[in-house]
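Visitor: Read off the chains here:
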Amino acid sequence: MGQNSFSLLIVLAEHYITELFEVSLVTFWMYKNIYIGNSFIYTILEGVLAMNDQNQNTQKIQNEKKGIEDQRVIYTIIQKEKYIQDGLNHTDDLFIRELKKNGKLIKIFFLDSLTDKTSLETNIIKPLIDSTLNDVKHVITSAKLITTTNLDIAIEMIPEGYCVIMEELSEKLLLAPFPNEHSSRTEPENERIIRGSHQGFGENISENVQFIRERISSSKLTITLSKIGETSKSKYALIYLSDITDPEILKKIENRISYIQTDSIQAPGAFEELIEDHTYSPFPQFLNTERVDRVVSNLMEGRVALVMDGSPTALIFPVTFFSFFQTAEDYNSRTTISSFFRIIRIFCFIITVCLPAFYIALISFNYEIIPVEIVFSIKSSLEFVPFPPLIEAAIMQLTLELLREAAIRLPNPISQTIGIVGGLVMGTAVVEANFVSNTMVIVVAITAISSFVIPSNELSTSCRILGFPLMIGAALFGVFGIVIGLTIILIHMCKLKSLSLPYLYPLAPFDFSALKDTLIRAPVWLMKVRPKDLNTQYRWKTSNARGWRKDEKSD
Amino acid sequence: MVRKCTVWVIVVVIVFFLAGCWDQRLLKEGRLVYASAFDLQQDEKIKTTAIVQDMKNGIPTNVLIQGEGNTIRETRMDMDNKLSGDFDPSKNRIFLLGEELAQKDIYQFLDIFYRDPSSSISANIVVTEGNGEDILEKMTQKNTLIAEFLIELLSSAENSTLVPKQDVQSIWTNMLDPGKDFALPLISLKDDEVVLAGTGLFHKHALVGSLTLEESTLFLIMSNQKKKVARFVSKISEEKEMRIQNYISYNFSKVNSKLKVLSASPENIEVEIKAKVDITILEFPEDKLSNEEKIQKLNSLISKDLTAKAEKLVKKLQASNSDLFGIGRELIAYHPKTWEQIEWEEEYPNITITPEIEVDIVGHGIIN
Amino acid sequence: MKNRINLTTIQLTFFIIQTQIGVGILGLPSNVFSTSKQDSWMSILFSGIVIQVIILMMWGIGRRFPSMSLFHYSTQLIGKVAGTSINIIYIIYGVMVASLVLMYSSAIIKMWVLPLTPKWIVIALLTLTAVYIGKETVLEISSFFVVVSGLIVLLIIISFIVMFTYPVDWRFLFPIGHSGIGNILRGAKEAYFSMLGFELILILYPYFQHIGEKKVLFSVSIANLFVTLLYTFLMVVTMVTFSPDELLTIPQPVLYFVKSLYLQIVERIDLFFISLWIINVITTLTSYLFLATEGCLITFSKYKNKGRTIYILLLSAIASGVALIPNKESEIDLMNKAVSQMSNVTLLIIPLFLFGISILFRESGRM
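Protein chains in written order, with numbering that gives the first Met the number 0: chain U, 0 to 554; chain D, 0 to 367; chain V, 0 to 366.
Please note that a few of the clues may not be correct.
[As the list claims (entries may be wrong)] Capping the alpha-carbon separation at 20 Å, the derived lysine to any residue pairs in SDA-like fashion look like this:
no.	chain 1	residue 1	chain 2	residue 2
1	D	27	U	429
2	U	251	U	223
3	U	219	U	265
4	D	164	V	261
5	D	234	D	287
6	V	36	D	334
7	D	27	U	253
8	U	234	U	279
9	D	27	U	279
10	D	55	U	377
11	D	164	V	36
12	D	27	U	219
13	D	3	U	279
14	D	239	D	164
15	U	219	U	537
Hints in this document: simulated from the structure, not taken from any laboratory.
These numbers were taken from a predicted model, which means no experiment stands behind them.
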């Protein structure tokens with residue numbers, strides 16, 4: 000026996016050692032990424048230096064460096080064009096205007112979504128065509144103009160709203176900013192927040208792309224524009240960060256979209272149905288949002304967004320169940336507070352699904368659970384109700400859905416009347432006429448309120464619907480019915496996939512470290528890596544942001 | 000395929016509905032019993048008296064209902080026939096056992112409560128002096144909320160360490176334990192009022208005697224069962240002019256009681272119960288409690304009084320053969336050999352139990 | 000290797016835990032207590048040790064054939080015919096255990112929650128739920144098991160509440176060691192049958208081989224340790240809450256002590272407890288149906304195109320059909336005896352035999 004326990008001990012020790020080794024490996028991996036990040040920052044710094052200091056010396060050093068970095072030195076304009084296109088990942092909103100001046104080919108690169116085309120035309124294109132001067136630099140009437148020879152700087156500057164002017168047989172690149180004007184702010188009606196950005200998407204696709212471009216000025220932000228629908232030819236754009244998003248995911252989306260052969264697609268909702276994994280599931284598998292900041296933060300996690308012309312709703316995939324409980328505000332308020340509200344939201348989800356069913360099970364199967372102090376008042380309110388509890392609950396739930404449906408389409412002032420007539424007048428009358436018991440009204444009201452707490456409208460509706468089968472289960476088998484029902488729902492959620500990625504991710508498959516941003520919202524500096532499930536190309540998010548604590552402690 | 004499935008699902012659901020909800024037990028239709036009393040009649044038939052609450056014009060009222068039968072279940076069936084709706088004892092919070100019934104063998108009568116999954120085995124259980132039926136009847140006339148009244152009576156008594164905290168389940172544990180007996184609160188009718196009379200002593204399954212409230216508090220103190228407060232009055236002198244001056248009232252603030260088996264040979268079993276208690280003075284007209292000597296003197300006086308009372312209590316327990324302190328359990332656990340050799344039933348009244356209570360005054364209210 | 004979602008040690012551990020904890024948890028204290036009295040907790044600890052030894056042996060075979068499950072290497076070791084018959088024994092064993100689980104659980108549910116509901120409905124609901132998850136792959140099943148394992152914590156919390164609110168008497172645990180080694184061993188045998196489930200390592204090994212052979216052993220051992228400690232804890236709780244004679248009259252003491260709990264707001268916490276327990280029953284059921292399905296898939300690989308769903312439906316239909324036969328407890332006990340005998344064959348004799356052969360002939364499936 001001794002030997003057995005001894006071998007177990009060895010196994011245990013070995014396990015811990017391997018664990019330790021893994022930890023060190025992860026840290027190594029993170030440092031590597033920081034290194035990548037630093038070198039990335041370094042290039043930007045270099046660019047800034049070069050802009051400020053037109054010194055010949057630096058230029059030379061830079062050229063040498065470039066030569067070392069990529070053995071081939073770029074000569075022809077075609078090669079340069081390809082270099083820039085590669086640098087911007089062949090994003091579809093990169094426009095290239097070609098013109099000939101004095102027999103020399105001139106190319107102007109700019110991002111369609113970011114650039115104010117009118118001023119580009121008046122300030123650059125028109126003068127270039129009209130003027131006879133040889134030096135392009137003197138023709139352009141832009142206020143700010145940067146000259147560089149480094150293509151990488153050009154690639155960095157384009158997403159910030161610069162246009163790049165490239166001349167044949169010249170090393171010099173001219174950069175001039177023509178940022179688009181900001182359109183007016185519209186806050187999405189259904190995703191309002193108190194603190195944070197109040198910008199919502201518009202209905203124009205290039206405007207929407209601009210919103211995202213403004214928030215992520217990275218050359219890695221890639222936009223694929225396409226058209227869908229044989230007749231309607233609706234425009235849509237897939238947006239992702241090419242250096243974060245897993246190419247597998249992208250391939251999967253593109254493959255799924257390639258199967259769509261239809262006459263017309265009007266809205267992202269139809270898109271959703273055509274490419275989602277389980278159409279019959281009550282759970283939404285893609286996230287709908289009208290908020291720019293939400294889309295941006297999801298893009299930064301390594302997800303893909305789809306925006307469509309004519310709809311202010313962006314579709315985000317793949318998502319997990321817990322994405323529906325996150326709001327943009329969470330990341331803007333204090334961690335304890337947002338954690339508290341996260342927990343409240345999940346609690347409300349459970350209440351919405353279970354409470355009516357649980358109440359039915361209580362009063363028609365196991366009323367001995369109810370405390371003796373309450374049971375009498377519940378009983379007296381039930382005394383004259385003619386319906387069985389299930390019918391009673393169904394009547395009230397359906398009335399609630401009716402009210403909601405009725406209030407949505409009516410203009411604001413009238414929908415308030417509906418609220419009063421439906422909620423107050425009918426609620427009281429129904430109870431006084433003994434159609435429905437007092438307690439049932441309370442239960443349904445709590446259910447309704449908690450369903451509205453869930454930030455996502457789709458999820459909130461579907462979990463109210465999910466309550467019905469559970470209610471039937473409870474009416475048939477009491478607590479046993481609820482348990483079976485909930486287990487089936489849980490199993491369904493475990494099996495559910497969003498773009499072949501597990502829907503219930505940090506819970507199933509279990510990943511403790513990813514729970515930091517699901518059930519609670521841990522401080523930003525604790526979320527050092529991206530969640531595992533998206534399989535991003537690099538997982539680094541923040542490094543030791545609070546390292547300053549060490550400096551301040553020393554004294 | 001999917002359409003076929005949907006059809007099947009609908010069919011199955013309809014079948015379920017048609018078949019009905021087998022175990023449905025609607026709260027609406029249940030007539031909840033809040034308190035019930037069991038009495039034994041002359042011919043050993045059981046008579047159950049139950050209190051059902053009803054709402055009359057928004058005011059809860061009691062309905063008294065009685066049934067007779069050979070078993071508890073039969074009495075329930077009898078009562079169910081007299082009631083509209085289903086007779087439902089699952090929310091019963093208090094059971095009253097008539098004296099005569101308790102003296103027989105309560106285990107036989109309680110069996111149904113342990114067997115039924117929906118019965119409330121955490122309900123309070125008390126013994127009544129005389130018939131339980133009389134108490135419920137008297138209270139129905141007054142139209143108070145009987146169950147609530149009785150439960151509050153008990154819980155306040157439990158909190159002030161007057162009666163032991165027992166419920167239907169916990170006495171079962173003791174009933175089936177050969178090494179320990181139990182006591183239940185005892186209530187009685189006094190001038191048409193329901194009062195707590197003391198504690199009913201049990202041996203095995205039957206009522207064998209009773210303790211006064213004072214004795215019962217002392218017993219609880221000695222078995223470390225002090226609740227929130229435990230107030231007590233001791234006589235400390237004889238000669239004072241006014242009667243009140245001879246007494247002192249105090250509260251046990253901390254109790255540490257130890258049961259020790261001194262000798263466990265089968266022929267000679269000696270047990271010592273030593274309690275160290277801290278008390279705070281609640282009432283002492285003589286005052287001057289800042290004097291250390293005086294406190295020492297009071298300490299010894301109260302200790303003496305308490306020890307004398309404890310001795311009397313122990314005698315009483317031994318006389319009625321009720322092993323409330325669980326000395327038998329102590330022997331089973333730590334002296335199994337002795338336990339196997341003796342017949343505890345016969346041995347218990349003859350063993351030596353020496354109680355000793357040591358008092359220390361630690362507080363005296365806001366005056367000295 | 001990218002950070003793809005994959006099977007991990009945690010999943011293996013909970014797979015085993017969820018299989019081991021099942022119907023037995025409710026009745027175990029009473030069963031063990033009837034033979035080994037106040038030393039029951041020692042019996043449970045002892046059976047935990049015995050199981051650890053068996054786990055070591057099973058792991059020993061598994062590591063010789065890391066990429067194969069029992070159903071594969073049985074034919075490789077002792078030939079087509081004998082191997083297939085061994086596989087069929089395991090398939091029958093899986094179905095038998097599944098139907099035994101159904102028998103006991105439906106009996107307890109009928110006793111405690113739904114006395115009037117027909118048995119077939121209870122069995123059908125349990126089976127359908129188990130089939131719904133059981134037809135999936137190991138990844139889905141194990142992630143579901145991990146999620147519901149959180150509920151075990153609730154069970155433990157409830158038991159703790161009982162220990163602190165109920166007037167417990169620690170003297171019920173004494174005298175220690177008084178019931179004799181014979182009784183303790185007999186009690187260990189009772190406990191052992193409530194702790195079955197670790198045999199799944201025989202078929203799960205190939206799925207988890209990538210985490211390393213030592214980690215496989217580690218996670219299964221942790222599962223066994225957890226279950227042993229949990230059972231010991233529950234045993235102790237029931238023993239200090241109930242007096243010895245009382246414990247003998249209560250067949251499901253764990254439920255009973257929860258029932259006697261009366262918190263300020265709720266009564267009948269046993270219903271809550273039983274709800275959590277039902278999920279544990281479903282997971283056990285799933286595991287054994289999975290075992291049998293896996294066996295069918297590999298053994299009858301000629302008809303593999305039929306797929307998992309068909310097999311598991313068929314097997315669960317058989318299991319629930321068998322579960323409907325007995326009417327009385329004595330008949331269920333008869334079935335229990337048969338399954339216990341069979342488990343001796345499947346858990347001890349066959350693995351030992353295969354282990355011996357693989358060592359003797361130096362046969363192994365390693366590349």
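Visitor: Does each hint fit the structure? Answer for all of them.
Guide: Here is what the structure says about each hint:
1. D/27 x U/429: Distance ~18 Å between residue 27 of chain D and residue 429 of chain U Cα, so the pair holds.
2. U/251 x U/223: Holds, at roughly 15 Å.
3. U/219 x U/265: 29 Å, violated
4. D/164 x V/261: Holds, because 13 Å separates the two Cα atoms, which is no more than 20 Å.
5. D/234 x D/287: With Cα atoms ~18 Å apart, residue 234 of chain D and residue 287 of chain D stay inside 20 Å; holds.
6. V/36 x D/334: Holds. Residue 36 of chain V to residue 334 of chain D sits at ~16 Å (cutoff 20 Å).
7. D/27 x U/253: Violated: residue 27 of chain D and residue 253 of chain U sit about 59 Å apart, past 20 Å.
8. U/234 x U/279: 27 Å, violated
9. D/27 x U/279: With a Cα-Cα distance of about 38 Å, the restraint between residue 27 of chain D and residue 279 of chain U is violated, given a limit of 20 Å.
10. D/55 x U/377: Satisfied, since the Cα-Cα distance of roughly 15 Å is no more than 20 Å.
11. D/164 x V/36: 28 Å, violated
12. D/27 x U/219: 66 Å, violated
13. D/3 x U/279: 15 Å, holds
14. D/239 x D/164: Roughly 38 Å between the alpha carbons, so the hint for residue 239 of chain D and residue 164 of chain D is violated.
15. U/219 x U/537: 13 Å, holds
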